Amino acid sequence: MPGSFTRTQTNTVDAAPARSFLEATAVESIGPGRFAAQVDPAWSARGKPNGGLLLSIAARAVMAVTGRPHPYAVSGSFVRAPDEGPVEIRVEVLKAGRQVAQVRASLWQRGAVVLDTLIVVGDTPDSTPAWREIPDPVPAPYAMCVPLARQPGRTGLVERVDIRYDPAAAPTRGNPVPRRTGMGDAHLRGWVEFSDGSAPDVLAALLMADVLPPSVHNLGLPGWAPTVQMSTYLRAVPAPGPLAVSVSGRLLSGRWFDEVADVYDVDGTLVAQTRQIALVAGRAPAHSRGTDSP
Numbered sequence: 001m002p003g004s005f006t007r008t009q010t011n012t013v014d015a016a017p018a019r020s021f022l023e024a025t026a027v028e029s030i031g032p033g034r035f036a037a038q039v040d041p042a043w044s045a046r047g048k049p050n051g052g053l054l055l056s057i058a059a060r061a062v063m064a065v066t067g068r069p070h071p072y073a074v075s076g077s078f079v080r081a082p083d084e085g086p087v088e089i090r091v092e093v094l095k096a097g098r099q100v101a102q103v104r105a106s107l108w109q110r111g112a113v114v115l116d117t118l119i120v121v122g123d124t125p126d127s128t129p130a131w132r133e134i135p136d137p138v139p140a141p142y143a144m145c146v147p148l149a150r151q152p153g154r155t156g157l158v159e160r161v162d163i164r165y166d167p168a169a170a171p172t173r174g175n176p177v178p179r180r181t182g183m184g185d186a187h188l189r190g191w192v193e194f195s196d197g198s199a200p201d202v203l204a205a206l207l208m209a210d211v212l213p214p215s216v217h218n219l220g221l222p223g224w225a226p227t228v229q230m231s232t233y234l235r236a237v238p239a240p241g242p243l244a245v246s247v248s249g250r251l252l253s254g255r256w257f258d259e260v261a262d263v264y265d266v267d268g269t270l271v272a273q274t275r276q277i278a279l280v281a282g283r284a285p286a287h288s289r290g291t292d293s294p
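Mapping the sequence shown onto the UniProt record's numbering, position 160 (from 1) lands on 160, and the numbers just tick up by one.
Bear in mind the hints are in silico, worked out from the structure with no lab data behind them. Here the structure is a predicted model, which means the values were calculated and not measured. Among the hints, erroneous ones may be present.
[Stated by the list, open to error] Taking CB as the label site, the calculated pair distances span:
#	residue 1	residue 2	range
1	Pro240	Arg98	36 to 42 Å
2	Glu28	Arg110	15 to 21 Å
3	Ala42	Asp267	28 to 34 Å
4	Arg98	Ala281	39 to 45 Å
Note that beta-carbon positions come from the ideal geometry of N, C-alpha and C, so glycine has one too.
Take these sequences, add in the hints, and give me the full structure.
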């Protein structure tokens, strides 16, 4: 169960200097409802921006326009393949109520939409649950999980995020530990945290829910798996420390597959729930999935 966090070892990696997650998702106003941002190569995988990072940039712009600190629901359609570099965010408030605002935010590059989002934003929620049912299984305790081995020459997102895999639900390709449950299931579990030691903010779960490799890699389908649509509910602000992520694929049919992910903080609080539908494809994706397989 998430909640019993004890760090027994800290990874020490001489990573190249890079902007923090907060800096990498920062936006600058360039006019009413318009913002500029930079898609940082240091937060990409193999030259393609991570989808969770792009959603975080959109959400950051919505928070700036509305003045409300907590996105409750972030739903994004990945329309075109984005590139690293400048991006413009255009924000339209559809309705601003007393409790929440409903907002559309789109990311543009070279005069075309690359990501279209609908975001519900409001005040910071009370994270004390009145009732909950925690799905089973959840990641093993932090100390029982195995760090992802660094590989020479790998740069980008793999250097920005530290991953420790649950031995019972680790990638079957390049697996750092023996797999106990055998091959052929689409489950991944582990702990993730920023390599620079910074605490996760409310948007960190958007990134972390999308940072593990595609679950279909464990079905013998390596390669790109571009997300077409992704929806995330941000249920609470994470406590400082790593986040426990549990990812499961439910159905692979033709070239389409889906994934669900739950993200917990070190106190065992469910901070995010994500569902996405993606394609099994051998060509470059609409955006990168996770840090790519180890």
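Checked hints:
| no. | hint | verdict |
| --- | --- | --- |
| 1 | Pro240 - Arg98: 36 to 42 Å | violated, 31 Å |
| 2 | Glu28 - Arg110: 15 to 21 Å | holds, 19 Å |
| 3 | Ala42 - Asp267: 28 to 34 Å | holds, 29 Å |
| 4 | Arg98 - Ala281: 39 to 45 Å | holds, 44 Å |
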